[in-house]
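**Student:** Residue numbers (the working numbering), protein chains in the order written: chain R, 1 to 264; chain S, 265 to 528.
Because the hints were derived from the structure by calculation, they are not lab data. Please note that the accuracy of each hint is not assured.
Okay, derived cross-link-like pairs now, SDA-like style, lysine to any residue, Cα gap no bigger than 25 Å in a straight line [to be verified]:
1. 203(R) x 527(S)
2. 211(R) x 510(S)
3. 475(S) x 241(R)
4. 475(S) x 211(R)
DEER-style ranges, computed between Cβ atoms [as the list claims (entries may be wrong)]:
5. 472(S) x 24(R): 24 to 34 Å
6. 498(S) x 76(R): 33 to 43 Å
7. 125(R) x 271(S): 45 to 55 Å
8. 221(R) x 271(S): 29 to 39 Å
9. 81(R) x 278(S): 51 to 61 Å
10. 65(R) x 484(S): 48 to 58 Å
11. 91(R) x 278(S): 22 to 32 Å
12. 27(R) x 350(S): 26 to 36 Å
The structure presented is a predicted model; accordingly, all values stated were derived computationally and were not measured. Here a beta-carbon is modelled for each residue, glycine too, at the ideal position from N, C-alpha and C.
Protein chains: 2
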Amino acid sequence: MSIEISSKDNAAVKNAVKLRTSSKERSEQSSFFIEGLRLCTDALESKISILQLFYTEPAAQKNHEAIQSLSAAAKDAYLVSEELAEKLADTVNSQGIFCVCEATKHPSFLENPGSGRYIALENIQDPSNMGNILRTTEALGLDAAILSSDCCDIYNPKVIRGSMGALFRLPIVIVPDFSKYIKKLRQEGLRPLAAVPDSDASKISAIRFFKGVVMCVGNEGNGLTEQAITACGERVNIPMSENAESLNAATSAAILMWEMVRAD
Amino acid sequence: MSIEISSKDNAAVKNAVKLRTSSKERSEQSSFFIEGLRLCTDALESKISILQLFYTEPAAQKNHEAIQSLSAAAKDAYLVSEELAEKLADTVNSQGIFCVCEATKHPSFLENPGSGRYIALENIQDPSNMGNILRTTEALGLDAAILSSDCCDIYNPKVIRGSMGALFRLPIVIVPDFSKYIKKLRQEGLRPLAAVPDSDASKISAIRFFKGVVMCVGNEGNGLTEQAITACGERVNIPMSENAESLNAATSAAILMWEMVRAD
Numbered sequence: 001m002s003i004e005i006s007s008k009d010n011a012a013v014k015n016a017v018k019l020r021t022s023s024k025e026r027s028e029q030s031s032f033f034i035e036g037l038r039l040c041t042d043a044l045e046s047k048i049s050i051l052q053l054f055y056t057e058p059a060a061q062k063n064h065e066a067i068q069s070l071s072a073a074a075k076d077a078y079l080v081s082e083e084l085a086e087k088l089a090d091t092v093n094s095q096g097i098f099c100v101c102e103a104t105k106h107p108s109f110l111e112n113p114g115s116g117r118y119i120a121l122e123n124i125q126d127p128s129n130m131g132n133i134l135r136t137t138e139a140l141g142l143d144a145a146i147l148s149s150d151c152c153d154i155y156n157p158k159v160i161r162g163s164m165g166a167l168f169r170l171p172i173v174i175v176p177d178f179s180k181y182i183k184k185l186r187q188e189g190l191r192p193l194a195a196v197p198d199s200d201a202s203k204i205s206a207i208r209f210f211k212g213v214v215m216c217v218g219n220e221g222n223g224l225t226e227q228a229i230t231a232c233g234e235r236v237n238i239p240m241s242e243n244a245e246s247l248n249a250a251t252s253a254a255i256l257m258w259e260m261v262r263a264d
Numbered sequence: 265m266s267i268e269i270s271s272k273d274n275a276a277v278k279n280a281v282k283l284r285t286s287s288k289e290r291s292e293q294s295s296f297f298i299e300g301l302r303l304c305t306d307a308l309e310s311k312i313s314i315l316q317l318f319y320t321e322p323a324a325q326k327n328h329e330a331i332q333s334l335s336a337a338a339k340d341a342y343l344v345s346e347e348l349a350e351k352l353a354d355t356v357n358s359q360g361i362f363c364v365c366e367a368t369k370h371p372s373f374l375e376n377p378g379s380g381r382y383i384a385l386e387n388i389q390d391p392s393n394m395g396n397i398l399r400t401t402e403a404l405g406l407d408a409a410i411l412s413s414d415c416c417d418i419y420n421p422k423v424i425r426g427s428m429g430a431l432f433r434l435p436i437v438i439v440p441d442f443s444k445y446i447k448k449l450r451q452e453g454l455r456p457l458a459a460v461p462d463s464d465a466s467k468i469s470a471i472r473f474f475k476g477v478v479m480c481v482g483n484e485g486n487g488l489t490e491q492a493i494t495a496c497g498e499r500v501n502i503p504m505s506e507n508a509e510s511l512n513a514a515t516s517a518a519i520l521m522w523e524m525v526r527a528d
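Just chain R, with the same shape it has in the complex (with noise of 0.2 Å):
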């Protein structure tokens, strides 16, 4: 049974702004805000566990069944007024349907990691890059995604949409010292490579890859620290013409996981 609300003072919903908005109430919640029909049946048939449900009467109408689903799944569910849902969304078409969600444990290694194909991340900042590099990662079929802690927080609303649902489903380990975390790697046997921009480095293209790889990508302004280039040991690099721009961090990194796959 839903409980209807129409107050703006409405705790809940108070509640889903802020989570919404702050990454700080976010990493204090352990709770994450989400909207729209897709991504919200997403997160259910990921296992996500939903902690609270919002829905208009519109939206119910014409998503019975789903919002039957959620609502049954949903710790709480919420009937709210037009108005309110206008007050809940980011987007302009948010179709009525929002979910707040206890955030997953990120584990902070990866178990077994011999044989896989890994994406790992340095400090990327920009979320619709992050969202964009996960959608990605799980679309080309690799076993995992590495962040190193100062990456922007993974359930920030763009990186949720970016991803397409890919954050729900692909596994994602946060580390608290990328180089540290990378160095280990590399002395249980796996390949890590730093993604670089200078053109000295191997072309990415002449790399015969087997299994056990992990790929590192750097800031979108400065790359990879030094730390984890050493931590590497080896160096990979996209090349360009000359008049160009660097390309973006998210396509850069999507150039260099297809490589990684594409001999399957």
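On the provided structure of chain R, position chain S as indicated by the hints.
**Tutor:** Relative to chain R, chain S alone:
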């Protein structure tokens, strides 16, 4: 000599904001708005005609030489108050430098397309995707971008920023009838390839690329039209893992373009 303005009702400022926000205004006036030191100097270096320069006093102090060059090139230069600069700015970090530029008249066909390599975009709607694709097209050294006339406005500020100025340097052709033009290129001996999500299409990594190739990529949601696919005659695909969502359009385009040049 710059004209000093501080009134919000100043016609030049009002017009610049219109050009920033309205595609219709850009089209009617054949001009567009850019902001930031980097893009403005990029435009100047690319011999884009600068109609108006707007800058703040702190910007002039910080970037003396650049403002002098821009001011010398601009038909009109205006020194604006910081309050007005905020009104002009689309981004949080505009640096207090803005230009209104004359739009390039893009041809509707390629001259001597014979041995070139091209990306052809049909109905790409998202300005961030468009900007990103143009940036990648330049960085990977393709010869030109062919755009259907129903793509988003390339002078949208998000396209210009996303392209990192590639828009000013890259040959761009805008064709009124996309499928007809692709068919024509095929008749002239070029090889147009239709990027499709169908697993029975040729795996992109199995294609041997020579010169004279046109890679066609379609709308974010709907892909290429049937007419465009038919005009190409050949279909290619990026293989993806089972559970996965599709790739982002700009990401797909990047992988496909990379395949065209990786053996160089």
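**Student:** Against this structure, judge whether each hint is valid.
**Tutor:** Evaluated hints:
{"no.": "1", "hint": "203(R) x 527(S)", "verdict": "holds, 10 Å"}
{"no.": "2", "hint": "211(R) x 510(S)", "verdict": "holds, 24 Å"}
{"no.": "3", "hint": "475(S) x 241(R)", "verdict": "holds, 17 Å"}
{"no.": "4", "hint": "475(S) x 211(R)", "verdict": "violated, 33 Å"}
{"no.": "5", "hint": "472(S) x 24(R): 24 to 34 Å", "verdict": "violated, 53 Å"}
{"no.": "6", "hint": "498(S) x 76(R): 33 to 43 Å", "verdict": "violated, 54 Å"}
{"no.": "7", "hint": "125(R) x 271(S): 45 to 55 Å", "verdict": "violated, 38 Å"}
{"no.": "8", "hint": "221(R) x 271(S): 29 to 39 Å", "verdict": "holds, 37 Å"}
{"no.": "9", "hint": "81(R) x 278(S): 51 to 61 Å", "verdict": "violated, 38 Å"}
{"no.": "10", "hint": "65(R) x 484(S): 48 to 58 Å", "verdict": "violated, 27 Å"}
{"no.": "11", "hint": "91(R) x 278(S): 22 to 32 Å", "verdict": "holds, 30 Å"}
{"no.": "12", "hint": "27(R) x 350(S): 26 to 36 Å", "verdict": "holds, 32 Å"}
The earlier numbered hints that this structure contradicts are 4, 5, 6, 7, 9 and 10.
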